[in-house]
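S.K.: So the protein lines, in turn, are chains A and B.
When you line the first sequence up against my numbering, it's residues 1 to 209, in that order.
When you line the second sequence up against my numbering, it's residues 1 to 227, in that order.
Because the hints were derived from the structure by calculation, they are not lab data.
Just so you know, not all the hints are guaranteed correct.
Derived BS3-like pairs (lysine-lysine); straight-line CA-CA distance at most 25 angstroms [claimed, not checked]:
#1 B:K66 with B:K56
#2 A:K190 with B:K101
#3 A:K202 with B:K66
Per label pair, the in silico range of CB-to-CB distance [to be verified]:
#4 A:M206 with B:I68: 52 to 60 angstroms
#5 B:A58 with A:G201: 36 to 44 angstroms
#6 B:I68 with A:D189: 56 to 64 angstroms
#7 B:K56 with A:D189: 48 to 56 angstroms
#8 A:S137 with B:G71: 29 to 37 angstroms
#9 B:F192 with A:E40: 34 to 42 angstroms
#10 B:D70 with A:M206: 19 to 27 angstroms
#11 A:E40 with B:N224: 37 to 45 angstroms
#12 A:M52 with B:G159: 34 to 42 angstroms
#13 B:K66 with A:T193: 30 to 38 angstroms
#14 B:S216 with A:M52: 20 to 28 angstroms
#15 B:E83 with A:R197: 32 to 40 angstroms
Computed far set for chain B versus chain A, every beta-carbon distance over 10 angstroms [what the hints assert, rightly or not]:
#16 I16
#17 D162
#18 R208
What you are looking at is a predicted structure, and each value in this text was computed from that prediction instead of being measured.
In this text, a Cβ means the ideal position worked out from N, Cα and C, and glycines have one as well.
Each chain, written out:
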Amino acid sequence: MAIGGQFPATVLNSRGPNPFGAKNMENRELFSEKVRQLREFIHKKAGNSLKMYADEVAVIALLERDERFIVLASLAYSFSKFHEKTYIEASKELDELIENVQFELAKASEALENDDEKEFSRIVFGCEAMVRDLSASLGRYIINLTFKSRLKAAAKMYSHGASLGVVCSLAKVDKDELSNYLGHTTVSDKYATMSVRERMGKVFAMLGG
Amino acid sequence: MGVPQKNIICDSSALISLADTSNLAALKFLSGQGISFYITPGVRSEITSRPMTIKKYALSAVRLQKCIDDGVLKLLASVTLHEQTQRILKAANSMIYVGKKPLELIQLGEAECLAIFASASAHMLLVDEKTTRLLIENPHKLRETIQTRNSEGVRLDQGRRDEFASLTRGVSCLRSSELLAFAYSKGYFDDFRSLKDDAFKASIYALRDSGCGLASSEIVEYENMGF
């Protein structure tokens, strides 16, 4: 045991999110289906469907370990949030954004058909950037919307069993931020395994009463 | 005759909770009671290196860095840490399957804490993060919870489970809230005099909001706790 020693920073988990622009397009059919659904829900301005879609896709992201599903979830959460605010829903800017995102997602579908993973990734990340830019210009309530959407996706993945580290790495959010977010939810209620009295009994036994 | 030394390995989740709620002084207080707190290189990176670059989290990171500088948090590594960490990652992350896919459950920081536990002759693992705790305390509960949230079948690979249990034998978890309760019993809140109960309970609430992973029923238990 070496106290104060150094340990090389190595990525130990070789099964992380798919690298941006990897050679083989995994989950092409699943992506095609999810992009198609997203386009439909955005077109219909279906807030509840967008939220349910985002929850579902966040879990897929965890199972597939692919950040691009997080991006799709982020887009869905963000659009559902836009529709909650009347002044945003009625804005010309949102109409333009919907049109642009729909156009880009159609190109993303084409990229999938052509097995062009790099282009697909570029487009979906680009769509998230477009949403981020608009949210930044729409006022205090909606600032950092894509970040909050990623937090929601991360919380969803966390509630499905993965650790903070795993979901933060996948969703590209900070542990502090997610911890604070989770503290205001009831996620922990589902994971209680023993009473505080039992836990304290162990602590006193191990550390001394 | 000196007080027997007790060693606690700390995960970033609990340290962040303590830092965010201004309760890092409990570590120093307990150090004076014969308890040593250790972190791994991966955890150090998670609590200082990265958050130090983000203004929003820099204050907590600075406080934690001071704990390291003051020797309250000691850095720990071993020649077998890398290999042992890999074995734990492999066992943990292929223990539960959703459909045909293994669910990635833990990552470097958490795995390092588990890997260093035995070689550090540690007594407890300080961890707020629920997945790591559940993997040790009750992986079947984790599987059941995942099952209720997935339409696909969820399977626990018993072989991997046994391997993980073997690698983490003897690991006993406490959360930041239990650490604070223990510190309370040792007089950590005595400076608050007649308000010490209020200070403790307020700290528990603050910890919950900082991600300590406390269930509502546990909050009630803490409220009614008498030492």
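S.K.: For every hint, state whether the structure bears it out.
M.R.: Results for each hint:
The suggested pairing of K66 of chain B with K56 of chain B holds, with an alpha-carbon distance near 17 angstroms, which does not exceed 25 angstroms. About 23 angstroms separates the Cα atoms of K190 of chain A and K101 of chain B, which keeps this hinted pair within 25 angstroms; it holds. Taking the CA atoms of K202 of chain A and K66 of chain B, the gap is near 30 angstroms; set against the 25 angstroms cutoff, the hint is violated. Remark: the range hint 52 to 60 angstroms for M206 of chain A to I68 of chain B is contradicted by a beta-carbon distance near 24 angstroms.
For the pair A58 of chain B and G201 of chain A, the beta carbons lie near 38 angstroms from each other, so the given range of 36 to 44 angstroms is met. Distance hint for I68 of chain B and D189 of chain A: a CB-CB separation of about 34 angstroms, inconsistent with the stated range 56 to 64 angstroms. The hint said 48 to 56 angstroms for the Cβ distance between K56 of chain B and D189 of chain A, and at roughly 28 angstroms that hint is violated. Between S137 of chain A and G71 of chain B the beta carbons are some 49 angstroms apart, a value that contradicts the proposed interval 29 to 37 angstroms.
Range check, F192 of chain B to E40 of chain A: about 58 angstroms between beta-carbon atoms, so the 34 to 42 angstroms window is missed. Distance hint for D70 of chain B and M206 of chain A: a CB-CB separation of about 24 angstroms, consistent with the stated range 19 to 27 angstroms. The supplied range of 37 to 45 angstroms is broken by E40 of chain A and N224 of chain B, whose beta-carbon atoms lie about 51 angstroms from each other. At about 36 angstroms, the CB distance of M52 of chain A to G159 of chain B agrees with the hint of 34 to 42 angstroms.
Distance hint for K66 of chain B and T193 of chain A: a CB-CB separation of about 34 angstroms, consistent with the stated range 30 to 38 angstroms. At about 26 angstroms, the beta-carbon gap between S216 of chain B and M52 of chain A stays in the expected band of 20 to 28 angstroms. For E83 of chain B and R197 of chain A, the hinted distance range of 32 to 40 angstroms is satisfied, since their beta carbons lie about 39 angstroms from each other. Separation of I16 of chain B from chain A is inadequate, the least Cβ-Cβ distance of about 6 angstroms not exceeding the 10 angstroms criterion.
With a least CB separation of 19 angstroms from chain A, D162 of chain B remains clear of the 10 angstroms interface cut-off, as annotated. A beta-carbon of chain A is positioned within 10 angstroms of the beta-carbon of R208 of chain B; the least distance is around 6 angstroms.
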